[in-house]
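Asker: Here is what each chain is made of, one letter per residue.
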Amino acid sequence: MKLTTAQLLISAALMRVAFFFYGVYQDEHAEIRFTDIDYFVFTDASKFTAQGGTPYDRATYRYTPILAWLLLPTTQYFWFGKLLFALGDIVAGWLMLRIFQLRGLSNDRALKFASVWLLNPMVATISTRGSSEGLLGAMVIALLWAIYEKQIVLSGALTGYAVHFKIYPIIYVPSILWALDSSPSILGNGILRWVNKDRVKFALSSFITFTTLTGAMYYIYGHPFLLHTYLHHLSRSDHRHNFSPYNILLYISASPSVDESPYPSLAFVPQLFISGIFLPLMLAKKDLAKTMFVQTFAFVTFNKVCTSQYFMWYIVLLPFYLPSSAMLKNKWLGIWALILWTLAQALWLQQGFELEYLGNSTFFPGIFAATLIFFSVNIWILGVAIEDI
Amino acid sequence: MASIRQRHTFIVHSQFRDTADTLNLSKQKLTLNDVPGTRQDRLIVTTDHLKERGILQAVDNIRIEIVSRENFAHIAPFNRQLAWGTHINVVPTEIFNWNGFCKWIQSSVNSEITCIGQESFIEVPYGYYLHSPHTDSSQLLSYIENNYSDAEQEIVAEMEEANTASYISLSLNKNSTDKKTAGRLIAEAYWYYGRWTKTVKAGGPDHRVEVGLLGKIADDPQGELTYGGILAVIGENEQFVPTLFDFSPRHRSVYQPAVFYPDFRQPYGLHPKHLTTVLGDISPPRKKISVLDVAGENDDIDVSEATTSCGLYGYYVLPNFIFVDKYQVSDLADAQAGGIKRVVGIWGETDLEIPVWMVEKWGSTMLVELIPPEQPLLPGIMQQLDIEIPMHSRYEVPRWNTTVVKHDMPWPTLFWACNGSAESDMTTSPFDSNGLGHEYLFDPGTMFYYLHPNQTISNPVNKTHLVTNLNIPVVPLETYKYVQPWTVIVILLGCIWIFYKAFLGFRRDGGIRNAPGVKPDKDKLEKKGPKTE
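First to last, the sequence lines map onto chains A and B.
Each residue of the first sequence is one higher than the last, beginning at 399 in the numbering used here.
Each residue of the second sequence is one higher than the last, beginning at 246 in the numbering used here.
Calculated from the structure, these hints are not laboratory results.
You may find that some hints are simply not true.
[Unchecked claim] As a list, the in silico DSS-like pairs of lysine-lysine whose alpha-carbon atoms are at most 27 Å apart: (1) A:Lys510 / A:Lys548; (2) A:Lys445 / B:Lys571; (3) B:Lys726 / A:Lys702; (4) B:Lys274 / B:Lys425; (5) B:Lys518 / B:Lys606; (6) B:Lys425 / B:Lys461; (7) B:Lys586 / A:Lys445; (8) A:Lys548 / A:Lys683; (9) B:Lys461 / B:Lys443.
[To be verified] Pair ranges (Cβ atoms, derived): (10) A:Arg496 / B:Leu738: 37 to 43 Å; (11) A:Ile737 / B:Ile626: 56 to 62 Å; (12) A:Ser633 / B:Asp381: 37 to 43 Å; (13) B:Ile462 / A:Gly450: 58 to 64 Å; (14) B:Leu738 / A:Ile675: 18 to 24 Å; (15) A:Thr705 / B:Pro730: 24 to 30 Å; (16) B:Ser387 / A:Tyr616: 52 to 58 Å; (17) A:Leu741 / B:Phe748: 25 to 31 Å; (18) B:Tyr371 / A:Gln707: 39 to 45 Å; (19) A:Gly450 / B:Met246: 50 to 56 Å; (20) B:Gly345 / A:Ser633: 29 to 35 Å.
All residues carry an ideal CB built from backbone N, CA and C; glycine is no exception.
Okay, chain A solo, but in the shape it has when bound:
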C-alpha cells in the first residue's frame, strides 16, 4: 500500500480532529472527563495572566510562563490549546519525515515508521486531552532536524528553549556536543582539538537562549517562577503513587516514620549518569537520533516520578530507533516487548485502581511489585535497544 506524505499528515490531523470532538462529547456527557486536569491548570494560568496576575496564581502550575502566554487565546477560544498541541504532534511528524530523508531512508519506510508517532492513538489522545507533550515533541524533533540540516545555531537555540520548557532535554546537550565531530577545530591540536566550531556554536547558542529566557522570566515573575518551574521538580515531595520504581521507597523514606535517608538524592545518580554521560559517550558518535531515543528512555525509566505522559518523551524518538532494530528483525522479540510493556502497565493500573477508587492498601506488595516489574521490562527493552545501536 503506497502512502504519500500528504496522506499520512492529513490522516494524522483527521484522527486528532475526531478525538477532539469525541473529547468534547465525553466532557459534556460522561462522569469522567476526557480533558486532562492539566489543561485546566494551563488555561486557568492563562486566564490569570490575562487578568494582570501571574500564571502561578493557579495552584499546581509548574511550567514556564511562556506556556501560559502561548495559551492566552484560550481565554477567548477555550480549545485553542488542544489545537496547538495537536499541531505540535503533526509538526513533529513532518520534521521526522524530513530527518528520515536526510538520513537516507526510503520514503515508504519513512512514512511507515513516522506513523508510529503520527497515527499512534495514545499520542493523539494525550494531545487532544490537553497535555502539552505534543508541543515538547515538536521542539525535540526540531532541534534534531536542525542538526541534520547543519543549522547548528538554530539547533542550539531550540535546545535552550526546550530545556527552559522542560529541563530534561539538557541530556541531549552532551550527545549533540559529542556527535558534532565533523567541523574544524578552533583550539589547535591535542586534547583541545575537541573544541571545534560547531560545538562552540551549539554550546553558546543553547546557553544564551536558555539564560535569556530564564533570566527574562525571572525578571518578570521573580521567585515564584524559579520555585514552581524548576525547584519544585528537584525537591518533589509529591509521593502519590506512580510508575517509578522508587515510588514506595520514597513514600516511606520521606515520611517522619523513618530517619532522613539519602535515597532522594542518590536516585539522581544512576539516572543522570546513564542518560547524561554514559549513553552519550558510548553511542552519540554512532547515531545521534538513536542515542537520543535510548537516553530519553533511560531518563524516564530511572526517574523518581513517572506517569504515562512521560512516555511521550521517548515515543517521539522511537521511529528513529525502529528501522534497523532487533525488535523488527526478530518479530517475536518486538511482539513480546510490546506485550510485556503493556501488561506491566496494566498490572500497575489495576493495583492503582484498587487503591484510588476502592481504598485498599495495595502499596505493598501490589504497587511496589508492579513498579519493579515495569522497570524491569523497560530496562530489558532498553538494553536490547542499546546493544542494537
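Keeping the supplied structure of chain A fixed, place chain B upon it in accordance with the hints.
Answerer: Below, chain B without anything else, positioned relative to chain A:
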C-alpha cells in the same frame, strides 16, 4: 455592676412545680433537689480578678469552646450548633507572640493540642481559627479555677461540675458593644439535661449570684421568643421573683422537620465523595410577605420592610487529613451541581499535593451556599436535597502493623441564614455570648436556623455525636525492610544490564566511533548492504 456575676439558668418543663421539696431559698443559699431540666451556667468576671492576665491582654477578641462528642441535644434557647472538639478563635493585637500563645493553649486548654505557632492556625475573615478533635475539658476548667485570686470555694466547685457539661466556652471581647460584657471574661457551660441537686450560695459584696428557672412562654418563628419563670438573686431575695421577658435570638433550630445525615459514598478510595442527604420540609423559615397579604389591613406597610431573605448554607470543618479542591468545587457551583449554589469561601490548607505530615495547619473550613429544593411542599410528601462535595484524602504517615489509618470527621453544620427583619431590633439573647465563630462569616444581624442532624442514625450504640469515619489506606512500616533492599537491588541490576549491553555493542563495533570513511549519522542498514525489509 458587680465585678463577678454568676448565673445559673435552668430550663424546666412547664409542669415543674416549685415546692418545698424541690427548691428551698433562704437569705444565704438556694437548695435544689432533683430538679429536672436543661442547664446553663455563666460566669462573667472583670479581668482584674484574674491572676494571670497575660494572654488575655494580648488579644482583642478570643473564644475557646469545647464541644462534647457524647450524644447531646440542643434544647431551646441554646440552639447554636457547632462541630465537636476544641475550637479556638482569636483576633490578636498588632504584634502577637504566636509561639507564646500556643504554649499557653497547651498549658491552659489541653496539652495534647497540636499548636506550634501562627502556621498552625488558619486565617478566616474575622481572625484566626484552630480546631482540634480533643474534647477533654478538665485542663481548661482547672485553668479557670486556678485563675481566680479570690479562690472562692463556690466557683471552684462549679468548675469541677462543668466536667460533665456538653459544651464549655471561655471568651473575652474587648470591643464588644454589649456594655455588660465588654472586656470581661465570660465562662459558660451547658448541660442538655440533668436532674439537678445542688446548693448555690450567696457571693461576696462584689459578687452577684442569680438563679433562674424558666420555660418558653411564646415563640414567634419569625420574631421574638418569650421566656418566663422565677428568678432569685441569692443573698438579696428571700423569695423567688416572677419574670417574663422577650428577646430576639440569633440562633434557632428550624421549626419544620428537616433532618440531615452525611456520609461518604461507598466504596471510596483516595477521593471520597461526601454526600449529605437532607429530608423533610426544606423551605425557608421566613417567607416573603407580599404586599397583597397585608394590603387591606394596613395600607401603610412598606414592602421593603416586609421581606426577608434566607439562604441555605453548609459549613464544613475539615481536619488536615482531608481537603477539597477549590477549583473542583467552584466548577460544581458554576454548574449548580451537587446541591451547591456558590462557594462562599474555603479557608486554611488547600494544597492539592502534599502528604499529611507536611501540612502545618490543622486543616481547613468551607462555607457553601446550597440550592434548596424548588418544588412546593405538598402535604405528605417530603422534600429531599443531596449535597455532594468531592473530597480528597492526603497521604498518611506509614506506621507499624496497619494498612489503614482511621479518622473521625465532624458532621457539617447546615442552617438557614436570614437577614434580620426590621421589626426585631436584634437585642442579644441573654443566653448567647455572641463570640467569634461561623456567625462572623455573615453580616451582623443575621439570624440562624439550624437543620436537625439525624442523631438516631449517628451512632446510637456507641453514643458518640455526629462523627463520620474516614479510612485512609497507608503502607505498613514493616514493609520498609523489603522495599529498601529490593528497590536498590533491582535498580542496580538494571544498571548492570545496561552497562553489559552497551559493552556488547561496543565490542561488536570495535569502538565508540564508526569505521572511518562512514558518516556517523546514517541509518545502519544503509552501510551494511541490501535491505532486509
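Asker: Would you mind marking each hint as holding or not holding in the structure?
Answerer: Now for the hints, and whether the structure bears them out:
1. A distance of roughly 25 Å separates the Cα atoms of A:Lys510 and A:Lys548; the hinted pair therefore holds under the 27 Å criterion.
2. For the given pair, A:Lys445 sits about 16 Å from B:Lys571 by alpha-carbon distance, which is consistent with the 27 Å threshold.
3. With a CA separation close to 20 Å, the supplied pair B:Lys726 and A:Lys702 stays within the 27 Å bound.
4. Between B:Lys274 and B:Lys425, the direct Cα distance comes to roughly 25 Å. Compliance with the 27 Å bound is thereby established for this hinted pair.
5. A distance of roughly 23 Å separates the Cα atoms of B:Lys518 and B:Lys606; the hinted pair therefore holds under the 27 Å criterion.
6. Restraint check: the Cα-Cα separation between B:Lys425 and B:Lys461 comes to about 24 Å, which is no more than 27 Å; the hinted pair holds.
7. Between the alpha carbons of B:Lys586 and A:Lys445 the distance comes to roughly 23 Å, so the proposed pair stays at or under 27 Å and holds.
8. Restraint check: the Cα-Cα separation between A:Lys548 and A:Lys683 comes to about 16 Å, which is no more than 27 Å; the hinted pair holds.
9. Annotation: proposed proximity of B:Lys461 to B:Lys443 holds, straight-line Cα distance about 23 Å (limit 27 Å).
10. Separated by about 40 Å at the C-beta atoms, A:Arg496 and B:Leu738 satisfy the suggested range of 37 to 43 Å.
11. Between A:Ile737 and B:Ile626 the C-beta distance comes to about 58 Å, which sits within the given range of 56 to 62 Å.
12. Checked against the hint of 37 to 43 Å, the C-beta distance between A:Ser633 and B:Asp381 comes to roughly 39 Å, which is consistent with it.
13. Distance hint check: the CB atoms of B:Ile462 and A:Gly450 are about 59 Å apart, consistent with the given range 58 to 64 Å.
14. Taking 18 to 24 Å as the suggested C-beta distance range, the pair B:Leu738 and A:Ile675 conforms, at roughly 20 Å.
15. Against the hinted window of 24 to 30 Å, the Cβ-Cβ separation of A:Thr705 and B:Pro730 comes to about 26 Å, which satisfies the hint.
16. Take B:Ser387 and A:Tyr616: their Cβ atoms lie about 55 Å apart, and the range 52 to 58 Å holds.
17. For the pair A:Leu741 and B:Phe748, the beta carbons lie near 29 Å from each other, so the given range of 25 to 31 Å is met.
18. Between B:Tyr371 and A:Gln707 the beta carbons are some 43 Å apart, a value that agrees with the proposed interval 39 to 45 Å.
19. Between A:Gly450 and B:Met246 the beta carbon distance is about 55 Å. The supplied range of 50 to 56 Å therefore holds.
20. Separated by about 32 Å at the C-beta atoms, B:Gly345 and A:Ser633 satisfy the suggested range of 29 to 35 Å.
Hint compliance for this structure: no hint is broken.
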